[in-house]
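Could you build all of it, start to finish, from the sequences and the hints given here?
These are the residues of each chain, in order.
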Amino acid sequence: MTAAVKVQGLVVRRGRTTVFDGLDVEIPRGRITGLLGPSGGGKTTLMRTIVGVQIVAGGTVTVLGEPAGAPALRHRVAYATQGASVYDDLTVEQNLRYAARLLGVPASDVPRVMADVDLTSQRAQLAGALSGGQRSRVSLGVAMLGAPDLLVLDEPTVGLDPVLRQSLWGIFRRLADAGAALVVSSHVMDEAMRCDDVVLIHDGRMLAHTTPQGLLETTGARDADAAFLALIDRASAA
Amino acid sequence: MNPVRTLATAGRVLRQLSHDPRSIALMLVAPSLLVGLFAWLFSEREGVFDTFGGPILALFPFIVMFLITSVTTLRERRSGTLERLMTTPLGKADFIVGYALAFGLMATLQAVVTVWFAVVVCGLQVEGPLWQLGLVAVIDAILGTAMGLLASAFARTEFQAVQFMPLLVFPQIILGGLFMPRDEMPDVLYAVSTVLPLSYAVDAINAVTAGDAGSDLWRPIVIVVAFALGFLVLAPFTLRRRTR
Chain A
14 MTAAVKVQGL
24 VVRRGRTTVF
34 DGLDVEIPRG
44 RITGLLGPSG
54 GGKTTLMRTI
64 VGVQIVAGGT
74 VTVLGEPAGA
84 PALRHRVAYA
94 TQGASVYDDL
104 TVEQNLRYAA
114 RLLGVPASDV
124 PRVMADVDLT
134 SQRAQLAGAL
144 SGGQRSRVSL
154 GVAMLGAPDL
164 LVLDEPTVGL
174 DPVLRQSLWG
184 IFRRLADAGA
194 ALVVSSHVMD
204 EAMRCDDVVL
214 IHDGRMLAHT
224 TPQGLLETTG
234 ARDADAAFLA
244 LIDRASAA
Chain B
3 MNPVRTLATA
13 GRVLRQLSHD
23 PRSIALMLVA
33 PSLLVGLFAW
43 LFSEREGVFD
53 TFGGPILALF
63 PFIVMFLITS
73 VTTLRERRSG
83 TLERLMTTPL
93 GKADFIVGYA
103 LAFGLMATLQ
113 AVVTVWFAVV
123 VCGLQVEGPL
133 WQLGLVAVID
143 AILGTAMGLL
153 ASAFARTEFQ
163 AVQFMPLLVF
173 PQIILGGLFM
183 PRDEMPDVLY
193 AVSTVLPLSY
203 AVDAINAVTA
213 GDAGSDLWRP
223 IVIVVAFALG
233 FLVLAPFTLR
243 RRTR
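Protein chains in written order, with the working numbering: chain A, 14 to 251; chain B, 3 to 246.
By construction, these hints were calculated from the structure, which means they are not laboratory data.
Misleading hints may appear alongside valid ones.
What the hints assert, rightly or not - Cβ-Cβ distance ranges computed for the label pairs, FRET-style:
1) B:158 - A:251: 37 to 47 Å
2) A:121 - B:159: 35 to 45 Å
3) A:29 - B:156: 19 to 29 Å
As the list claims (entries may be wrong) - Where chain B lies over chain A, by a calculated footprint (3+ residues, C-beta under 8 Å):
4) 77-89
5) 234-240
Stated by the list, open to error - Short derived list, chain A residues pointing at chain B, Cβ under 10 Å:
6) 68
7) 99
8) 100
9) 104
10) 135
11) 136
12) 139
13) 141
14) 143
15) 203
16) 221
Backbone N, C-alpha and C define an ideal beta-carbon position, used for all residues, glycine too.
What follows is the structure, encoded as structure tokens:
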């Protein structure tokens, strides 16, 4: 089966700085790919490129067989931005209902998603009145409407308690098992261990694309944090 | 364009408003208060309010809707929700028309309230039929909405959007024929005033209050509508699916 996302020779410039200068990466279907690395390294830019909202200076980005951002992909690719992109002056349910109507997803999908992100009892509350973690779950819920083939989730679990993180990773796993490709970014390295594959991005370069186990083995580190530091050390020494 | 997604967007904007009753109250009542203030100011001088009350009726709904629309759409650009919408099947025109429908409805309510207040409470004398006054006020408010949608594209912050008032709105008020009949203006300023939509909004109101009919009334109305439609047609081009 072909990769869900194929990035070849990607060049992205923002102002005078070059974020990527010839990045290649492939993201498979049916797996959770963790996009890891310190903030400012290019994770969000790569995600924006995949969903097709980033102006690209060079290279090709193919998503589900189409160029990134193609109109046909707008039903099939779901994107949750880092800051929760929800309407603070709408309730949880109204936020999800609006997104469902845009996507052509039946309204019956809304209660299912509210249960998945554990917001059923907050359904009638304004998003602006929720805690930070709850707001980002509304945003995540919007991305989980319908059955997208690719979910691009920018720091979806940041600021969430361990119980909820556990349950969300359970949902990510279920989506991947059903065949969807997931790209999940995080700067919390221990989340790497929950992914099938990890892509380490630092300073616009891909330092590694491996499995969590492979990451530990190649570096000889005991945990993901140490492995990542070892890789950065190696990269700056080279 | 897709009617389902356009209407969904209009409904969403109205639902957002419904959670903000204070804004609705301000939107509906503020122009009436200003008209009332104006009527009170000239209450000792016979006939002044009848001369200026009409143009004022064109002005305030226009200004209020311009401000509300430009700030609201800018908030959408800045909060990240617009970027997210641009990854969904929502068309750019769906977005603009959805906003125009929602605020057009609010503009209509506002115009009805303001005209009622001006005529019934403040005693504005109108030669033409009242529905024409209402129609022109609605069209002017929609013009403000359309201009606000377009203007918000050129502002990066809410602060900048508000700064567009002195830049885009005040010159139209000064040259619109309120302070001096347009045909008595210096030639250059008269020429400028002929390309400003608010001039025709004031012409239309004056035609109604004077009881004009035929082309004196309909020509400025058609021109204002054309400006509003033109702004709405241009506005989607200011939306970008891809940004830096």
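Quick rundown of the hints versus the structure:
1. B:158 - A:251: 37 to 47 Å: holds (40 Å)
2. A:121 - B:159: 35 to 45 Å: Holds, since residue 121 of chain A and residue 159 of chain B (Cβ atoms, about 40 Å apart) stay within the stated range.
3. A:29 - B:156: 19 to 29 Å: With a Cβ separation near 24 Å, residue 29 of chain A and residue 156 of chain B satisfy 19 to 29 Å, so the hint holds.
4. 77-89: holds (count 4)
5. 234-240: violated (count 0)
6. 68: holds (5 Å)
7. 99: At 7 Å from the nearest chain B Cβ, residue 99 of chain A passes the 10 Å test, so the hint holds.
8. 100: Hint on residue 100 of chain A: holds, closest Cβ of chain B at ~6 Å, below 10 Å.
9. 104: Holds: closest Cβ of chain B sits about 8 Å from residue 104 of chain A, inside 10 Å.
10. 135: violated (15 Å)
11. 136: Status violated, d = 14 Å.
12. 139: Holds: closest Cβ of chain B sits about 6 Å from residue 139 of chain A, inside 10 Å.
13. 141: This hint holds: residue 141 of chain A lies near chain B, its Cβ roughly 9 Å from the closest one there, short of 10 Å.
14. 143: violated (14 Å)
15. 203: Hint on residue 203 of chain A: violated, closest Cβ of chain B at ~27 Å, above 10 Å.
16. 221: This interface hint is violated because 28 Å lies over the 10 Å limit.
The structure is inconsistent with the numbered hints 5, 10, 11, 14, 15, 16, although it conforms to all the rest.
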